[in-house]
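Engineer: Here's the letter readout for the chains.
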Amino acid sequence: MTAPVTPTLLYLDNITVSFDGFRALNALSLTVDHAEMRAIIGPNGAGKTTMMDVITGKTRPSEGTALFEGSHDLSALDEAAIAELGIGRKFQTPTVFEMHTVEDNMLLALKNERGPLATLFSRRTTHEKERIDALLERVRLTAHRYRPAGELSHGQKQWLEIGMLLAQEPKLLLIDEPAAGMTDQETADTVDLLRDIAMSKAVIVVEHDMAFVRDLGVKVTCLHEGSVLAQGSLDAVSANERVVEVYLGR
Amino acid sequence: MGAALAALAAPLFKVLLMYCLHHILRALLLLLGMASAALAGPYEEALPKFANDSYADTDAAIGAVASSGNPLAVDVVEALRDGRLLIGSGQVFIRRSSGELINAATGQAWGSPAGELKPVRINNRLRRAIEAALGNLTLLSPDAGRRLEAARAVFRSRDEAVLPTLEKAIAQESQAHVRNALENARAAILLSQLDALPMQRLGAIETLEARGDQDALALLSNLPPDATPEMKAGAGKAVAGIHTRLALWEAVQNVWYGISLGSVLLLAAIGLAITFGTMGVINMAHGEMVMLGAYTTFVVQEIIRAYAPGLFGASLFIALPLAFLVAGAVGVLIERTVIRFLYGRPLETLLATWGISLILQQGVRTIFGPTNREVGTPAWMSGALEVGAMSLTYNRIAIVVFAFSVFAVLLLVLRYTSLGLYVRAVTQNRRMAGSMGIRTNRIDALAFGLGSGVAGIAGVALSQIDNVSPNLGQGYIIDSFMVVVFGGVGNLWGTLVGAMTLGIANKLLEPYAGAVLGKIVLLIAIILFIQRRPRGLFALKGRAVEA
Amino acid sequence: MRTQSFFDRQTTLVLSLLAAVAILVPSMNGLAAPGSALHLSDHLVPLLGKYVCFALLALSVDLIWGFCGILSLGHGAFFALGGYAMGMHLMRQIGPRGVYGDPILPDFMVFLNWKELPWFWHGFDSFPFAVLMVLLVPGALAFVFGWFAFRSRVTGVYLSIITQAMTFALMLAFFRNDMGLGGNNGLTDFKEILGFTVQAGSTRIVLFVLSVLALAGGYLLCRWVVGSTFGKVLVAVRDAESRTRFLGYRVEHYKLVVFTLSAMLAGIAGALYVPQVGIINPSEFAPAGSIEVVIWVAVGGRGTLAGPILGALLVNAGKTWFTAALPEFWLFALGGLFVFVTIFMPRGILGAVGDLWERSSQRFRSGRQPQPVTHAAE
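Chains as they are written, first to last, in my numbering: chain R, 94 to 343; chain E, 373 to 919; chain C, 20 to 397.
Accuracy of the hints is not assured; some may be wrong.
Below, computed lysine to any residue pairings styled on SDA-like, alpha-carbon distance capped at 25 Å [claimed, not checked]:
#1 R:Lys222 x C:Phe146
#2 C:Lys338 x E:Gly735
#3 E:Lys609 x E:Ser593
It is worth saying that the hints were derived from the structure and are not from the lab. Because the structure is a prediction, the values reported are computed rather than measured.
All chains should be built: construct the whole structure from the sequences, respecting the hints.
Structural biologist: Printed below as a string of structure tokens:
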């Protein structure tokens, strides 16, 4: 395997993950560039979530190379270190800190020193407050600032989580099924938000909702049985025989 | 050369001469005895000497009675040894172990003797004489068990006077193990006999080396002062050999103890492996289920003692199903009233079941009292099996066999019955199982009942080796959790391997570290192990774990 | 627990109650005439002192369980270690007044025919050193234990079980005479602390007040910790551990810091407990004891800091009453309490009160402020 000539942001090569003989990922290779948005589709069990797990350090690949910015070996780092490198992740089911207020959720996500001593003696600065104000405005949660996150609606939690992602100021965002459980209006707003984000950051979106993917209007990768089945524009991928067979249906 | 031969021959001749003289003398004495027997019988003549209760007379009487050939002789000497030979108004009586009194002279039962009876006194010198006499009397007994016992007695007493009888007995012995014991006895005598032939004494060393136990070791390491360098070298080699062998046996014995302890752990933990392992429920009252099983055994035995003493031998078998039902029913009750409200909240389940364990302990304490209750051991479980240099007690063997049987049955139940299938289904995917029409509530209750019932069965077995008290269960709870966690959750084989590993490791550590320190070392080892492999030896992998 | 206002009110309340106790108890004991209704008899002072130490122990458990989700079933071990450190100092203070009159060796060592003070007993004759050890020994054990446990991500019931094993192993170890800490009997027959007779009424009053101050200090410390961003991370770990990792926090470091801190608080509680009860022995390591601490926390309400204090006082007062009046029913009551609280009152007394407060203050707030603006898309 040769090192990439120009360091792409994310470089996965020949990644294999097996659980008790079952190959969740099978020699998967994928690259994502700076400020690129990529949609990942594929049937259940295609390895979408496992791929996210590998990128964020939750699962170690049994084989293959995973590089970030050309030099950081993701397979050797833990979740916290990868997060600090600038990879943020939003889970399929929205995971926010339900007992904390919306504001505290944002505060925890803000790019800051993450060590115990730093947080123990930290003081809130006006700069932080302004950042939070801006972010809350962007994800439309200003009015809910002091509510416990657990009281938010499903859609609001999704947006809060996206807001938290932004607060981390990552270089790459992994977003798992952002439109799940959203109203049509919320979905449309989410599309706008993501396109906005993708202006400055790389985004990987996993989504089942083909309408949503179409609205995003970006390059699509279809996974099947742990490896890439097809890649290209949505129209090109949808036209692929194999994709139709295993995923879209006739 | 010739001079050397002569020097060697002189003492040899002397020994031979003495040996012959000894025999001639003994033959003469025997003749004399026979002559007098024709008159009043040496037995009847010697007997009154006991009544004098003087050590010298008793000594003489023992010799005379022993050589009399009277069938009562053995009884008299044995009674003397055990303090059951009584004298009163010039007559001698034997008190049988049943309490019955018989006249030593006639062998007739004797109702109530006139006057007070007192036992004939004996001292250590007489004890040796008694052992020797008994050896003599019984070495030629037609009963093989008697002969074996006599041979062992001679081995202990090492009385030179028995040697001729011993030789005779060896010559006519047909059973190998008795002959072996007799030869051992001869070797023990020859080793310490000053006038025995050097060849004989070297042979004795070999025989004792072959025997290879602690007694042989004691004899060989305390050679008589006249031992030749040759003997010393032989004995030294023999001692070393015996030490090696004993060490090996000790290791085997420790492994056996380990398996035995492992079986106890397996019994205690296997019910937990179901409730914790497959259902994810932390049942801190598990130990109390074991305790309930033990108390069920106690109650069953009390009832049997009161109403059907003949059934006592079967009491444990009767207790098994009852203990299963009692503990199982309590388990189902706990599941239905407490645990089902706490699924998915393992820490709360842990606390609530701890509360239940306190209530059960106090309940049993209130009903049965705080002290240990006596649970009897049926006759078939007492005694021990001798294997080489170690003895395996039957109750330990029974527990090992029982633990493995319970394990096998449980494995089959989980693998081949519909309950097992449902339990596994619910374990793997509760919602899916529910939507397929499995009544998950019922399965939870039954699985919990099964785990608790198995704990109850364990209680029956543990009542045989542990104190049956309200605290019985607490002693097992940490160990049981260690076994399940070490072996890996959700895997019965892991529990088996975990229990055996911990049991054997514990017993192998004990000789070096002592019981308490060994246990501490093991606990620390497990704590470190869990941190290396948080899911135990036989861990489930993949998606099932994440859920 | 959720809003700052509840906490601030709570802090004021807790501190003023503790201050009242610290003033009332000594004056009721010293000033009120014996026989009057207000008089507090001498034997009650150390009993109350004991409760206060238990409250501090409960507080330390709440810090890790209530805010970080670490259910330690072995906190009694840290309490006992702190107690032993203090006990060792008190033993050294006995000097030649022991039964055997040895100026250096404690009685039990003379009894065991030891000739020399074991190395780990050196330094305990100095009070500052002993105080340092009260903090360091439990802290070091917690640090080493936590280092292994949290780094390998042992969580939930697994962690609880190995903490049980930890305190069990320590109990076995301390029962050994070879350990050099008095074996079965532990350390007792103390004479003086800092020159004051341990048994004297005035010493006990001072010890009591010190315990209350320690509790107040511990409470403020915990309050500060959970109010900081650090505390918010702890709660985040409790509610969604892996999410916290993906935000870039090293969860194991946080757990390690708070676990060690909590162990030190427990050690302080143990150190204050020992001179008041006059003995420390291996039974303090008993696994069952550590589980009992957890129920104090659960009864009062975990994650509330004030709740565990209340719970420890209530449960222990109940225990004292039961063991005097209805001894055979105590375990029924305690067992029943475990079951009742976990099923019907999972958030404890203060949790329930906090909910009420929350609801009423929300009504209050919504009455004054404009209704929260609903999401535009809704």
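Engineer: Would you pick out the hints that fail for this structure and give their numbers low to high?
Structural biologist: As far as the earlier hints go, only 1 is violated by this structure.
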